[in-house]
Amino acid sequence: PRVGALSVLRKVYFDPGRITEETIRVYADALSAPGAHAAMSATARQIVPNDAEAIEAQYPSIRVPALVVWGDHDEIIPVALGRRLADDLPLARFVELADCGHAPQEEMPEATADLVGGFLADLDADVSRRIG
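The sequence shown begins at 39 in this note's numbering and counts up by one.
No wet-lab data here; the hints were simulated from the structure.
Beta carbons: idealized from backbone N, C-alpha and C, even for Gly.
FRET-style restraints, in silico, Cβ to Cβ:
no., residue 1, residue 2, range
1, Gln-84, Arg-122, 12 to 22 Å
2, Glu-59, Ile-169, 47 to 57 Å
3, Gly-55, Ile-169, 44 to 54 Å
4, Glu-59, Ile-100, 35 to 45 Å
5, Ala-80, Asp-152, 33 to 43 Å
6, Pro-103, Ala-74, 28 to 38 Å
All chains should be modelled from the sequences, with the hints used to inform the complete structure.
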């Protein structure tokens, strides 16, 4: 499990120096859990649903503020797809984190938390303006 975890993390993180022993242990423990491999296989099969185009066609009708945070070195889902998602969502804000891979919330937790906090503060300010 440790070798598998490290392999996954090297694909997920852009900077291998950010992969801690604790992170490896947590991933290895998850990979060791009963049913973990079946769950990962099932997840992989469902990443692109059969009705993906129908789902994507509904994005422009979603009128909810959204923050789309993407690592500029995501090797799993290209950053161009993140930009496209944000373009399709009318109220989305797109932020690309430099020197970051697929999991900004893990690889750059402070930067991600700051982005989410700022996004929520802006929403709160907007709501306050609207209700006077």
